[in-house]
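K.L.:
Next come the chains, spelled out residue by residue.
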Amino acid sequence: MDNLLLWTILLPLLTAVVCALLPVKVSKIVAVASTVVGLLLACLIYERFIPEALNGFQMVLRVPWITRYQINFALGVDGLSLPLLLLSKFIMPIALLASWGITNHARVLTICFLVLDAAMAGTFLATDIFLFYIFWEFVLIPMILIIGVWGSSERIYAALKFFLVTFAGSLLMLVAIFWLYTSYHAQFGTYTADIASLGYIKFSTDPVLWGLTAQEWVFLAFALAFCIKVPLFPLHTWLPDAHTQAPTGGSIILAAVLLKMGTYGLLRFCVPLTPDAFARFSPIIAVLGLVGIVYGAWVAFQQEDAKRMVAYSSVSHLGFIVVGICALSPEALSGAVLQMVNHGLSTGGLFLLVGILYDRRHTRKLSEFGGLAKVIPWYAFFLVLISCSSMGVPGLNGFVGEFLILLGTFQTHPLWATVAVSGVVFAAVYTLVMLRAVIWGPVKNEENLSVKDINPREAFLLGVLSLFIVWLGVAPQSLLGKIKPSLDVYWSQNSGNRETASVILPPRDSVEGEAGPRE
Amino acid sequence: MQVVLFGLILIPLLGAILNGLVLRSKHTRVAGGIATACSAACFLLALSLSLNYFETGTPLSAALPWMSAGPFVLNWGLRFDALTLVMTLVITGIGTLIHLFSIGYMDEEKSPYRYFAYLNLFLSAMLLLVLGDSLPVLFVGWEGVGLCSYLLIGYWYEDIDKANAGMKAFVMNRIGDAAFLLGVFICYQQFKSVTFTEMAHLTATSNSLSVWWLEMAALCLFVGATGKSAQIPLFTWLPDAMAGPTPVSALIHAATMVTAGIYLVARTAFLFQVSPDVSQWMAYTGAFTALFAATIALVQKDIKKILAYSTVSQLGLMFVALGVGAYSAALFHVMTHAFFKALLFLAAGAIIHGLHGEQDIFKMGGLRKHFPLTFLFSSIAVAAICGLPPFSGFFSKDAILFAALASPTGDVLLWGVASLASLLTAFYMTRFYLLIFFGDYRGEAHPHEGSALLWIPLAVLAVGSAFAGLVGMPHGLHMLPDYFGQLLSPVLPAWQETHAFLGEIGAMSVAVAVAALGIGTAFVIYRKGTGTGEKLARAFSPLYKLLLGKWYIDELYELTIVLPFKALCRFSSRIIDRAIDVTVLFPARLARVGGTALSLVQVGAVQVHLWIMVLGGLVLLWWALRGLVV
Amino acid sequence: MIPIPSTLAQWSHYIAACLFALGLFGFLIRKNGIVVLMCIELMLNALNLFLVEVSMRSSHPEGIIFVIFIITVAAAEAAVGLGIILNLYRLKGSVHVDLFKSLKG
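Chains as they are written, first to last, in the working numbering: chain A, 1 to 519; chain B, 520 to 1149; chain C, 1150 to 1254.
The set of hints was computed from the structure by calculation and includes no laboratory data.
Capping the alpha-carbon separation at 30 Å, the derived lysine-lysine pairs in DSS-like fashion look like this:
hint : chain 1 : residue 1 : chain 2 : residue 2
1    : A       : 374       : A       : 452
2    : A       : 452       : B       : 545
3    : C       : 1253      : C       : 1180
4    : A       : 374       : B       : 629
Quantities reported herein were computed from a predicted structural model and do not represent experimental measurements.
This is chain A alone, in the form it adopts within the complex (with noise of 0.2 Å):
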């Protein structure tokens, strides 16, 4: 039980039993040790994670489950994970603390944020399929639950939205997953649910049905679960109403993490498992990606409600990530993934940063703000810089990783770089008139005169969270140098033909047999 990646799922949920039966204040302060000492072991695997160690998985563990159909519970930690890992375990304080304040029920609040942190690590770490997809879903049951209770006023209505929309993409991946499973059967004769060696299938390159391949039929089950929870331009809608009747640390948390369980998946599942679908089909998705930055960023200047509008934004700032994806180059990838942590920073900071003035005026309506800057001159700081790095700003942490995207992008698809990079000119837009509206011009509104400036807890929560901010804009190499090895294997393996790749890499179980863990 010395595993550490066991443990940061295990201690939510021992630390959720326990929160059950604490008193409700005493209950909240466990929860937040719980999450902080959770941060720091993922800090301990960020140490002991290896760069050069290229075989794959990392402390890997492997316990046998459902030992009939080789159904393990696997874990096991590499260059994707380890970024969303920390991410993950980092905004898990911030999101408790930010929701501080909510006293309705306040224990089960506590508990469905632990929940949902065990099932947010598990759901990165997992290496088996059948896992990934336990997780997965589960991570579904304690987010509605914080949208449906907690939210605002139309918060049923969003809580159903997000379940179904959500729900209904992750069943066709279920079924996906079964086919992978039992192919995986049929050609080898052996079951295995290890995500790794289901990348060995061959698939038959004979239409099934619609003059698509298995393959893709594969591919399109996996990548519209994955699609949605990015979410991908037209497969949107859900995130404005989930984002705007969530309290703020669900916003947090859904932003931060959620949507780059998306971006994961496509990493971790359509790319490796299904490379040639992903071939035919990436410039598609690519252009939803850039039709996303774009739309994302028109959609963001016309809203009238802050939280809208951040979350739009979001679309277009997921759309850089998925179209650095698609473009599968080096550069684009490692910037994907570090941007992916940095739009959990920056977004989870503008969530806090709408909640905040949320609690103080209940309401998010940008009119009934303004001149802010004069009444709540530290909010303001924190406000103009959160935003200065969602609008990537250089030397700040949102620039690095868009500049990774487009740079690489430019190698591969000029094109798609080009149209990328006006996104960068809308981002400024939308993000300079939320700033307009909030923070400048004259305080036209009395009730805004008596708005009270950031509490030690918030400035905390902002302190910390820009102090990453710059720190990933400065000096990225802390994370990007941790990662590169990885990156390069995996972009290595899945740039060129799948043939080569299979030649240097033979199937795991015909090295090492199925049974044992290995390290």
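On the provided structure of chain A, position chains B and C as indicated by the hints.
P.N.:
Chains B and C only, in chain A's frame:
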């Protein structure tokens, strides 16, 4: 010494943090003192670095890791060579003077710490811009100065118009920045490197480069430069930027930031050398901008607007020089322009401060009695910008005009347009000068000269405006060697003189004649106050209105770009997004409608259900037995 | 060409059929809840009669066993059904079946 390079950037950054986040002093002298000290420290550092460079003659460089991804490796690399030396001295030197001036100018501010924090932050970003040894590092400074410009233009944010002006500046700069980024990407695609030295080396040695792509890179970088340096078509933000405090206009929107575009082109001269089409395009854009902005400046009444259009016009001249390959002349004009334009802006600031905010030159007049020192220094600056020998502007402007004529890529048209712009410059600057300082006082406020803090920087700048030109004397005069050109010769390519219909001395004489003509005309019209000018305005009413309305470019942009963009956004948000939402939720709605339809069967009356059950049972029975019975 | 039965035992399945039809008829058209319940009992007992006859004729005991089960279940069902009817009467003040429409979808 390497650490010192980072010190240049970190000192003002620390000053900004100290002022803006830690002390937050409400006393202008405390906040301003800290900021000025940081700036002065930078100047001394820059000075020692320059001396070191003069001694050793080798550029200093330093680097810290920034990011790496796949084959792409990027450092926080700084490099201090001759070009950087010039820019650094101008930035820190004039910056320090303007910091000092600001202490006097912003004496009644409620939150001076904010102002000085921004100012120091700007200094830091600007130094990073000129020190950066690669395009992305330069870009950090590039966007950083844009951000500071945004914050400083909107410094008095309670006035929404000022906030809007800041936003306009940022967005227009961002358009240029997007092009800049594309330029960086093309460079990386071609060179697999983004540092200047490596790119320059590869351009000279490698033969695997695509000239078409290099031209595209040059074009993209030039578009970026038009944003930052306010050239057609991205110039309209600069006049609006005058909403900021006047020292800011002097530092950012005259002396330093707006010349970043010139610096960029000079820094990437190796690209422009192999892109003659882009260079020519650049020269014509510059010439046309110079003329265009000068026509607008002819009729403006706002003291700062005149100077703003004058800046656009002068920047245009610098682009002419860059376009014809006279990089060193452009940089020379950057330096002299920094002196005299900063001086003019600060003088304007001193006057505005003394008149309690009055900016209309038609409400001034006769101020030479009230502002004797300011009058004296302004006279030097006006002489310099008009191009009167031996003031600094004469030498730099002459170098540009001569290059426009005699460079291999120059031609008579370029020279003519640039000379015409100089003529107009001489005219409107004399008008400016006469209307402010001569005639009778036409305003209401009580004019008074400011404190020593206000005029000491003016005095120093006046010395610079008067004598800075001497470091770059043309060869034709055979008086002093061209120190400036020699200094920059290792960094910037030189141009070869071709035979033109005028020699260097001839061109110089024409330039002086042009300046004299402009000054003379203005003197005739504005000698006795505003009367003759107003008569002329009535006589040429349509033209006057067109010029006063700035050719209605803002309105044109509003109509052709801003409004359609807003309509597009509204359409996306209200129509398309709704449509998508309805479509995505269609299956859910279908299920709901289907369920509602089927629930109609559930009438609730027990016996109806019983009937259905029995009949259903009978049907099933019949179906089960259909082979046995009948 | 139905053969005419000669003994009562031979008649009994005709009787069972008639009883079932009566029960079904009442089940479908009577409006009094208690009568509807009684009709269900009638149908069950018609079935019992039929099962006994078949069992006797074929000398297999299963039919009788079924009957015993059915009687037990019918007793329970009558108890539950009457309980429901009684509660409905308390609720609405009547046992008229058309009054109970809360199952409407």
